[in-house]
Amino acid sequence: MLSRLTAGAFKKVASFGASRSSTLFSGSRAASARFASTKASSSAFESLANSRAAFASASLFTVGSIAWYTHLYGTLPFVGKVHASHLSDEGLHPSAYPWSHKGPLDSFDHASIRRGYQVYREVCAACHSLDRIAWRNLVGVSHTADEARAMAEEVEYMDGPDAQGEMFQRPGKLADYMPAPYPNEEAARSGNAGALPPDLSLIVKARHGGADYIFSLLTGYIDPPAGVEIRDGMNYNPYFPGGAISMARVLFDGLVEYEDGTPATTSQMAKDVVTFLNWAAEPEHDERKQYGIKAVIIFSTLFWISLYVKRFKWGPIKNRKIFYNPPNNTH
Amino acid sequence: MSLSTGIYNTLFKRNSVFVGTIFAGAFLFGVGFDTATTTFWERWNKGKLWKDIRHKYVTDAEE
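Going down the list, the sequences are from chains A and B. Sequential numbering of the first sequence, starting at 1, is according to UniProt numbering. Sequential numbering of the second sequence, starting at 1, is according to UniProt numbering.
Misleading hints may appear alongside valid ones.
[To be verified] Listed below are the simulated DSS-like cross-link pairs for lysine-lysine, each with C-alpha atoms no more than 27 Å apart in a straight line:
hint : chain 1 : residue 1 : chain 2 : residue 2
1    : A       : 310       : B       : 46
2    : A       : 289       : B       : 56
3    : A       : 102       : B       : 56
4    : A       : 173       : B       : 46
5    : B       : 51        : A       : 102
6    : A       : 173       : B       : 13
7    : B       : 48        : A       : 289
8    : B       : 46        : A       : 294
9    : B       : 13        : A       : 313
10   : B       : 13        : A       : 205
11   : B       : 51        : A       : 289
12   : A       : 294       : B       : 56
13   : B       : 13        : A       : 102
[Unchecked claim] Ranges between beta-carbon positions, derived for each pair:
hint : chain 1 : residue 1 : chain 2 : residue 2 : range
14   : B       : 51        : A       : 291       : 16 to 26 Å
15   : A       : 193       : B       : 36        : 51 to 61 Å
16   : A       : 131       : B       : 31        : 35 to 45 Å
17   : B       : 57        : A       : 102       : 21 to 31 Å
18   : A       : 155       : B       : 59        : 16 to 26 Å
19   : A       : 310       : B       : 35        : 41 to 51 Å
20   : B       : 31        : A       : 312       : 25 to 35 Å
21   : A       : 228       : B       : 51        : 16 to 26 Å
For the record, the hints were derived by calculation from the structure and aren't laboratory data. Cβ coordinates follow ideal geometry from the N, Cα and C atoms, glycine included.
Whole structure, please, built from the sequences with the hints as guidance.
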């Protein structure tokens, strides 16, 4: 509000206030004060602000800022660039699939998580680790405690040292984490022609496009189009950035046999394993959405209450009328 | 005695009763709100939750 007034207006008002005792209601003073904000002013501040020196220094400052920014960051924001690359280098954009957990109120499909774990264990686990998931995490999500304990006991873990200082092997417990297929990164690379199979614990969060991307990648293997050279040991997948991926297509119809009788087609297995990996990346997903429902209800109620209280308190103040009864001008 | 006077005399008049009303009300609201949202969640996601498929895998020894 104040910024809309010119410096001259303040001066006028000040002089008006100083002289109000003598000439409070004389017409000419009142009129000049009233139109002060629309009249041209000749204050020293305005003449400085409109001067050529001000224009020149503002221009210099602008040019300097742009030069400094370009020097520091290389490019300017919001300015298009010319790329000497092709869109296929970015990978094909995945379609949006109607996941059973897509909506803000939708939980994971836990039967699908269970099938997806089976696919992971029988197919993916040959190369990919799942470091951040322990056997106990499956309990109450896709398996009962007894099932998870039985699965853990099939794996030997190194433990120790014992009383003699020796390390020893023991069957797994619920608290143990999923066994990795390779002891270290070098072993994983040498077993896969130099390519490191990424850990799958957070893969859905770690890839642009999330679950849609993983599903598209698993089901998107095709022959390379004419003109695209794929080296030996590499495979063509349009969804993978660059097109050439070291992982071959692994999901084929009927590869696993689901215990609940679901037909194990390629897309069914891909959907199940992506649901499982999405759960692995976001184990808090279901609880988070339940809290979300509560939070939205509570906070939107509080918001409307606060609006009501504001209007309740301000109503009398905003609706009051202030009357000014001028004294009879007779003296 | 009108309804508002009755509420005032029973709940608001003494500060100790007033504070007790707030605490008890918060507790009861919390329980009720929890139950309501959980019921909605389980109805909305019927068939997808672990509790809906658990019976297929639990053996008799556990129950």
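Results for each hint:
1. This hinted pair does not check out: residue 310/A and residue 46/B have alpha carbons roughly 41 Å apart, beyond 27 Å.
2. Using a Cα cut-off of 27 Å, the hinted pair residue 289/A and residue 56/B holds, with the two alpha carbons roughly 26 Å apart.
3. Distance hint between residue 102/A and residue 56/B is fulfilled; the C-alpha atoms sit about 26 Å from each other, no more than 27 Å.
4. Distance check on the hinted pair: residue 173/A and residue 46/B sit about 32 Å apart at the alpha-carbon level, beyond 27 Å; violated.
5. At most 27 Å may separate the alpha-carbon atoms for a hinted pair to count; residue 51/B and residue 102/A meet this at roughly 20 Å.
6. Distance check on the hinted pair: residue 173/A and residue 13/B sit about 60 Å apart at the alpha-carbon level, beyond 27 Å; violated.
7. The hinted pair formed by residue 48/B and residue 289/A meets the criterion: a straight-line CA distance of about 14 Å does not exceed 27 Å.
8. Between residue 46/B and residue 294/A the alpha-carbon distance is near 19 Å, which keeps this suggested pair within the 27 Å criterion.
9. Using a Cα cut-off of 27 Å, the hinted pair residue 13/B and residue 313/A holds, with the two alpha carbons roughly 24 Å apart.
10. Straight-line distance between C-alpha atoms of residue 13/B and residue 205/A comes to about 56 Å, which puts the hinted pair past the 27 Å bound.
11. Simply put, residue 51/B and residue 289/A have alpha-carbon atoms about 17 Å apart, close enough for the 27 Å limit, and the pair holds.
12. A hinted pair counts as satisfied when its Cα atoms are at most 27 Å apart, and residue 294/A with residue 56/B does not qualify at roughly 31 Å.
13. Simply put, residue 13/B and residue 102/A have alpha-carbon atoms about 51 Å apart, too far for the 27 Å limit, and the pair is violated.
14. Under the hint 16 to 26 Å, the C-beta atoms of residue 51/B and residue 291/A, about 18 Å apart, fit the expected range.
15. Checked against the hint of 51 to 61 Å, the C-beta distance between residue 193/A and residue 36/B comes to roughly 56 Å, which is consistent with it.
16. Between residue 131/A and residue 31/B the Cβ separation comes to about 39 Å, which falls inside the hinted range of 35 to 45 Å.
17. For residue 57/B and residue 102/A, the Cβ-Cβ distance of about 26 Å falls inside the hinted range of 21 to 31 Å, so the restraint holds.
18. Checked against the hint of 16 to 26 Å, the pair residue 155/A and residue 59/B passes, with Cβ atoms roughly 22 Å apart.
19. Judged by the Cβ atoms, the range 41 to 51 Å given for residue 310/A and residue 35/B is violated: they are separated by roughly 32 Å.
20. Residue 31/B and residue 312/A have their C-beta atoms about 30 Å apart, which keeps the hinted 25 to 35 Å range intact.
21. Between residue 228/A and residue 51/B the beta carbons are some 49 Å apart, a value that contradicts the proposed interval 16 to 26 Å.
Going down the numbered hints, you'll see the structure goes against 1, 4, 6, 10, 12, 13, 19, 21, while the others check out.
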